[in-house]
Each structure stands twice: as structure tokens, then as C-alpha cells.
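Modelling step: build the complete structure from the supplied sequences, incorporating the hints.
Residue-level listing of the chains:
2 protein chains.
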Amino acid sequence: MARRNAFYAQSGGVTAVINASAAGVIETARRHRTRIGKVYAGRNGIIGARTEDLIDTGKESPAAIRALKHTPAGAFGSCRYKLKGLEESRAQYERLIEVFRAHDIGYFFYNGGNDSADTCLKVSQIAEKLGYPLQAIHVPKTVDNDLAVTDNCPGFGSVAKYVATSMREAAFDVASMAKTSTKLFVLEVMGRHAGWITAAVGMADDADTPIPLVLLFPEIAFDEAAFLAQVDAKIRAHGYCCVGVSEGLSNAGGGLLAEAGTKDAFGHAQLGGVGPLIAKLCKDRLGAKYHWAVADYLQRAARHLASKTDVEQSYAVGRAAVEMALAGGNAVMPAIARVADRPYRWKIVEAPLASVANVEKKLPRDFISRDGYGITQKARAYLAPLMKGEAPPPYKDGLPRYVRLKNVAVPRKLASDFKV
Amino acid sequence: MARRNAFYAQSGGVTAVINASAAGVIETARRHRTRIGKVYAGRNGIIGARTEDLIDTGKESPAAIRALKHTPAGAFGSCRYKLKGLEESRAQYERLIEVFRAHDIGYFFYNGGNDSADTCLKVSQIAEKLGYPLQAIHVPKTVDNDLAVTDNCPGFGSVAKYVATSMREAAFDVASMAKTSTKLFVLEVMGRHAGWITAAVGMADDADTPIPLVLLFPEIAFDEAAFLAQVDAKIRAHGYCCVGVSEGLSNAGGGLLAEAGTKDAFGHAQLGGVGPLIAKLCKDRLGAKYHWAVADYLQRAARHLASKTDVEQSYAVGRAAVEMALAGGNAVMPAIARVADRPYRWKIVEAPLASVANVEKKLPRDFISRDGYGITQKARAYLAPLMKGEAPPPYKDGLPRYVRLKNVAVPRKLASDFKV
Numbered sequence: 032m033a034r035r036n037a038f039y040a041q042s043g044g045v046t047a048v049i050n051a052s053a054a055g056v057i058e059t060a061r062r063h064r065t066r067i068g069k070v071y072a073g074r075n076g077i078i079g080a081r082t083e084d085l086i087d088t089g090k091e092s093p094a095a096i097r098a099l100k101h102t103p104a105g106a107f108g109s110c111r112y113k114l115k116g117l118e119e120s121r122a123q124y125e126r127l128i129e130v131f132r133a134h135d136i137g138y139f140f141y142n143g144g145n146d147s148a149d150t151c152l153k154v155s156q157i158a159e160k161l162g163y164p165l166q167a168i169h170v171p172k173t174v175d176n177d178l179a180v181t182d183n184c185p186g187f188g189s190v191a192k193y194v195a196t197s198m199r200e201a202a203f204d205v206a207s208m209a210k211t212s213t214k215l216f217v218l219e220v221m222g223r224h225a226g227w228i229t230a231a232v233g234m235a236d237d238a239d240t241p242i243p244l245v246l247l248f249p250e251i252a253f254d255e256a257a258f259l260a261q262v263d264a265k266i267r268a269h270g271y272c273c274v275g276v277s278e279g280l281s282n283a284g285g286g287l288l289a290e291a292g293t294k295d296a297f298g299h300a301q302l303g304g305v306g307p308l309i310a311k312l313c314k315d316r317l318g319a320k321y322h323w324a325v326a327d328y329l330q331r332a333a334r335h336l337a338s339k340t341d342v343e344q345s346y347a348v349g350r351a352a353v354e355m356a357l358a359g360g361n362a363v364m365p366a367i368a369r370v371a372d373r374p375y376r377w378k379i380v381e382a383p384l385a386s387v388a389n390v391e392k393k394l395p396r397d398f399i400s401r402d403g404y405g406i407t408q409k410a411r412a413y414l415a416p417l418m419k420g421e422a423p424p425p426y427k428d429g430l431p432r433y434v435r436l437k438n439v440a441v442p443r444k445l446a447s448d449f450k451v
Numbered sequence: 032m033a034r035r036n037a038f039y040a041q042s043g044g045v046t047a048v049i050n051a052s053a054a055g056v057i058e059t060a061r062r063h064r065t066r067i068g069k070v071y072a073g074r075n076g077i078i079g080a081r082t083e084d085l086i087d088t089g090k091e092s093p094a095a096i097r098a099l100k101h102t103p104a105g106a107f108g109s110c111r112y113k114l115k116g117l118e119e120s121r122a123q124y125e126r127l128i129e130v131f132r133a134h135d136i137g138y139f140f141y142n143g144g145n146d147s148a149d150t151c152l153k154v155s156q157i158a159e160k161l162g163y164p165l166q167a168i169h170v171p172k173t174v175d176n177d178l179a180v181t182d183n184c185p186g187f188g189s190v191a192k193y194v195a196t197s198m199r200e201a202a203f204d205v206a207s208m209a210k211t212s213t214k215l216f217v218l219e220v221m222g223r224h225a226g227w228i229t230a231a232v233g234m235a236d237d238a239d240t241p242i243p244l245v246l247l248f249p250e251i252a253f254d255e256a257a258f259l260a261q262v263d264a265k266i267r268a269h270g271y272c273c274v275g276v277s278e279g280l281s282n283a284g285g286g287l288l289a290e291a292g293t294k295d296a297f298g299h300a301q302l303g304g305v306g307p308l309i310a311k312l313c314k315d316r317l318g319a320k321y322h323w324a325v326a327d328y329l330q331r332a333a334r335h336l337a338s339k340t341d342v343e344q345s346y347a348v349g350r351a352a353v354e355m356a357l358a359g360g361n362a363v364m365p366a367i368a369r370v371a372d373r374p375y376r377w378k379i380v381e382a383p384l385a386s387v388a389n390v391e392k393k394l395p396r397d398f399i400s401r402d403g404y405g406i407t408q409k410a411r412a413y414l415a416p417l418m419k420g421e422a423p424p425p426y427k428d429g430l431p432r433y434v435r436l437k438n439v440a441v442p443r444k445l446a447s448d449f450k451v
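Protein chains in written order, with our numbering: chain A, 32 to 451; chain W, 32 to 451.
Don't read these hints as lab results, they were simulated from the structure.
Some hints here could point you the wrong way.
The list cannot tell twin chains apart, which means a pair is met if one copy fits it or any two copies do.
[Stated by the list, open to error] As a list, the in silico BS3-like pairs of lysine-lysine whose alpha-carbon atoms are at most 25 Å apart:
| hint | residue 1 | residue 2 |
| --- | --- | --- |
| 1 | Lys409 | Lys444 |
| 2 | Lys339 | Lys419 |
| 3 | Lys113 | Lys320 |
| 4 | Lys160 | Lys311 |
| 5 | Lys320 | Lys160 |
| 6 | Lys113 | Lys314 |
| 7 | Lys419 | Lys378 |
| 8 | Lys339 | Lys427 |
Dropping the structure here:
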């Protein structure tokens, strides 16, 4: 079989471990040099393909690629840029194929969430229509854990570990202060429509370390009176209360409680601010002295507290993507299948992209306690193994040492300039 | 010499390592059983002494006390409660002595910041006036690092490590997203009047990992136009900009930029919200898409990322406090003296409380760069060793395992009930 080049790009919000997937792709490709020539990365994601701004990952040392395993965020740059339907955006898809053809790209690895899975599928379709031989493989990634088919998403386990740890630590702090000061602590977490991260906050509380905790899921319409009753009861019983709230908390009408007002390129509202809003509400209605935290990017970039399971799975989906491509796969995604809970065992399976693209997997109702403010044993059994194990980065002078790649550009081959 | 009991209490905002000081006090006292009988802790700080709500630390196993070294926050509860002048609050000071007399307390260890140092000094003075033999030793603690005489405060090094790590990680995230999305990231940090924590954010940026960073110190009056010019220049040059802002940022008139409006028991305003305010300002004036985070309690409770140096020093001041008491010290505080920067060496020295009480040590101007938005090499040389080394807690099922003590109450000896 002819040797062809590969293209890899990172898409959407980055995670603490997406670079581990990049390492999985690149290191595996390097072990198959007879089949895969160069691995080019898109500078700032798919935009790099459209503008023919490719990065030659071959210029990076083995040590630098290895260091991606412990470096957060997107080493080649990501982007929020959504391609529309095949007919609507035909010129753009054709441009991608033009660039791929110019650089003899035979393998397209796209590392992202459900929007990206859709783009990956469409790239595969347009290539086929145009008679351009291409194998398009989606590499799953999203802190929101809302991808279909896969049991969990690389990126989620580390955020889960971060928010649960942070809430546990903050709860110890509040408990210390509650006698004369702070009685309420509110932590706002990510997860627009799906409450997976909110559920992970619930893991802060366990049999060894009970914490009076109230969770506000995006799947459960906010009921002010019922919520305040929960908080009030917990403060009365324990002297303090902790609240984990999803940025996407909505009222019964479906309206977001807090919206910054701006929208991203996908048309999603940019959220933030429901944490302080909830804290203020408790202060006004219950008189509770409060503190609040909004972790924002800190939660998804916290490579220092990554889950070992998550790092391993992130690498594994990158490696599997290359192996699937070499085995002839196209329009597929390596998904994680859970074999057993205790002890946790998992394997990689091949999922057709059509079943993943644009589908949003919400938190099942039976993961949420009947009253709507906590998690069930079923949720705990699901979440626990994903957060398990530590995989700290190397430290230098007290700080994590993360790698920055050289990101050397591939010489352009196309004369035409393409406007993004 | 007669064997007498000891009283230990935690005061004010807790830290990731104040319990390591408690361990230092208790373990050292246990090694001197011929001189120190029981170690009683105040439940919720000094309030526990006034209400005769004492905890018998002798009921805790050696393993539990050892576990305090890796457990954040105040294991016995803290409080925000300030005693006023000796004459003004004479009845309250006399009540303390009454309780101490009832329980044969000969040693008073008070673990707090500069307000607490003042209280500790006054307790020593009233005991002397009343002819009650007592040795009052202050054990330094504060994330703000604003205590006088001591080179640095236990608690600060860990917050410094946390905010620098968090900013570095977030900067990697923003750099990934900047092409099409977030161009500005704002992290709000603690430090009401002193910019030590803000300066620590500056450590995220170093020769290995340059980051376009702008710092807003509480010591430097906010100049909107000059600040926006800084941010604008960095976004133009690097595609993105990170901002570390102190909760206590003030304008030229000395007014706080953001104030929650409530005040704590010391009359300090409860702050929070300058981070989003600064982010919004940049959006409105520069059009920069932004994200912001307010770490709040997360930064001071983050035992999972504690500095090893800080843990060791926290333990050491606890141990030294007991040793100073046994050597006859009174109205003193074990302070940390820096012997050398590179390699870092430090020792404990005895500081008279009168030189510590109520003095606030601000960030020296020569730690701040000339333009007011960064840190100098002098600041780096000071900060680096304090953040150095990792001291992770034990993990169980993916989460830090922190200890909760039994906190068994000591039977009351006084009939009279005292109203706080």
C-alpha cells in the first residue's frame, strides 16, 4: 500500500489531556512509517487546513511528543469554527480536499466533540463524492462527557477529579469558618446542557467524608423555593452548606439563569455568573454569609490534577484512531466501552460516526437522586473509575513544566489564497 | 517544673497547611509529657476558650494527628472574632484567664495572622496583670503573607504555587483558543491590601514558558487607560493576554473596584467580583472575547497542590512554638528567617509579638516592575523557594483523603455560662 501523509487537528474547547491523544496519534504514526509519511497538524485546528497553514510534527523530538502526554490544552491551537451542511459550505469542504490533495493527506484525524464528529463525517462524505481517497477518523474529546456511544469522553475524568477535589477542599474550609463567618459556598462548574461535571462535584461527598452538598443540574429546572429549602435545612443541620451549580442551570421555561450575553461561533451562549447569582440569592433569602468560586478554564486546564485513567484513555483513543485508519476504517471513532465497574476494565471499540455526530448525551435521570439535588449510587459507580489514579506532570522550581512545541510550518504548495 | 496543660486555637481565614502547624504543636507537646499535660484545642478558635468549649486532642490517635499534615483548613474550627483593647474588652480577657485557670492552661498557642498576634499579645499582658502564669506564643499563619518580621508566612507558599500553576495552565488553554475565540483570561486572587499573591501569579510566566501577563496589584492605583493599553499591546503581539488581579484592587481615591458590600467581624469589606469586572471592561473597550475565574476558597484550601517548603515551615513553626514555650518564651512568635536564596536555606527565630501585632507588610515597590504591571527579578528570587517542592496528600479512589478528627469535648469545669 502506498505511503500517505496524515492530518491531525484539535477542535473546540481544549482539555487537560487532549494533547495525550495527539501524542497517541503521532507516536503510533511514527511506528508505521512504511504506511504513514508525515503527520501534519492544523495550526489552530481545521482553520489550518483551510488556510494551508500546516505544522510539520516531524520537526518535533520524541521527547517533545512524549511531553504532550503531560501538557494541557491544544499544542497546535484549536478553534471554534463550525462547518455547515455539505451543500451550504461546499466550497469550504472542497478547499479542504484541495489542501489534502496538495499534501497527499490520506488520513484525517479530527480531535473534538459532537460538532467535530459531524464535520469529520462530512469531510469523509465529500472526499468520497469527489473521488478523493481519504480515511476520516474522529478522536473523541470533551470535558462535557456528552458524546454518544462512547461510555465516557477523554477529558471528562480529569475535570471530574478537579471539581470533586476542589469542592472537598473548599468544604473543609467552609466547615472551619462556619461558626462565625461563611455558611455557604457555591462552586460554578462547566457543562452547558449535560450535568456530568455537576454530578462529579457530588463525589466530593462520600462515606469517609460526608459533606452537606446541594447540586443544581442543567437537566433539572431550577425551583427557587425547593432549592432554598434544601440549603436552609443543610445549614441548620450541619452549620454550613456547599452548592455545585452547572453554568447551564435553567428555569422551568428553559431560560438560562445567567448569560453573559455573547455567543460563540457555534451560536451557543457564552455562560458564566450563575455561581455568584445563586450565592446572592441564598444571602438575600436565608441571610447566609457566602463565598463563591467560578473555576472556568482552571477546571479543564488542570493537568496537575489529571486522572490517570483519563490520561491513559486519551492516549489510547489517539493510538486506536491510527490503528483503525491503517485497518481501513473510515467515518468511524474509537469509543471507550466499559467492560466492568469493579475492578474497572475498559476497551476501545469502533463506532460509526453517523451514530455520534451531533448527538448530545445528557446525564441519565437515574444518576440524579429523586429530589433532584444529589447523585445516586449508579452515578457513583459510573464516575469513580474515571477519576481514579494520579498522573502528575514533572515539576521544575515548584511549577509544572509543560512543553511548547516548535510548530514549524509546512511550505505551502497552493498558490491560491483562501479567505476564512 | 510543674506539668501544665496547653491551649491551641486557630484564628481567621484558614489555609491549606494550618493543620500542619497544629500537628507541629501537638506532636511536639506529646514528646514533652513531663512538662505539658493535655493539649486542648479551642472549638472554633478563641470562641471555644471563651465558652469553655475545649477539645481534648489527647483523644486523637497519632495517625490522626499525623494526617493533619496533609489536611487543609482548620481541623478544630476557626473563627473571625476580634478582641478589642484590654480595657474595652476587659471582661472577655478575664473570662479567658478564668477558663485557662479552670483547666490549668499554662501555654497559649494562637495560630493566626496579625489581628491574632495582637490578641495573643494582649492575652499575655492580661495574664501578667492578673498574676496568672501563662506563656502566650503566636504561631504565624496567613495566605496573604502580610505578617511583619517573618520572611514569609506559612500558608502563603501553597497559595502562591496554586495561583501560579493555575494561571500557567489557563494560559496554555487561552493560547489554544485565541485564534477564533477567547483572547483574554482574568484570574482574580486573594490578598486584600498586600499584593503577595498577585505577585505569585507572575511566576506562571518564566523563561521556559513565557506568558503575556498583566498583573493588577492592590498597592498600585488602577489606571484604566494605562491598563487597557497594556492588554491591547499584549493581545496584538501575542494573540492573547492573561490578567491576574487582586481582589483588593483600588482606584486612585483608594476605593475598591469591587465590593460585595458585606463586612466581616473585623470590619473588613467582603470582596469578590473584580475579576469579572475587569474582564467586562476589556470586552467593552477592546472587544476582546474573555473568560474569567475567581478561585476564592479553592486557592487557600488546595492542599492537593501544597508547596513542600510551606508544609515543612508550617510544621516547623508549630514545633518551635512549643519549644519556645518550654524555654520560657512569652509574647513571642517563631518567625522564619531566610538564610540564603540559592540554595534556599531558612531557620526559625524568635520574634517579639509587639513587633508583629497589627503590622501589615505590603509588597515592596521594588518587587513590582517599573510600569506597575509585572514582577521583578527580586520578587522572583523571593517567591521561587517558597513554592518549591510537592507534598501531595494520599489519594483514595481518585480523591485526596483528608482526616476529620473526633474533636471530643473536655468536660466543663465552670458553672457560669458566658455569653459571646
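Evaluated hints:
1. Lys409 - Lys444: Neither, since 54 Å and 50 Å both go past 25 Å.
2. Lys339 - Lys419: Both, since 6 Å and 24 Å are each at most 25 Å.
3. Lys113 - Lys320: between (43 Å within a copy, 18 Å between copies)
4. Lys160 - Lys311: For lysine 160 and lysine 311, the Cα distance exceeds 25 Å both inside one copy (56 Å) and across copies (46 Å).
5. Lys320 - Lys160: neither (62 Å within a copy, 38 Å between copies)
6. Lys113 - Lys314: between (41 Å within a copy, 23 Å between copies)
7. Lys419 - Lys378: within (16 Å within a copy, 39 Å between copies)
8. Lys339 - Lys427: Intra 21 Å, inter 13 Å, cutoff 25 Å: intra and inter.
Going down the numbered hints, you'll see the structure goes against 1, 4, 5, while the others check out.
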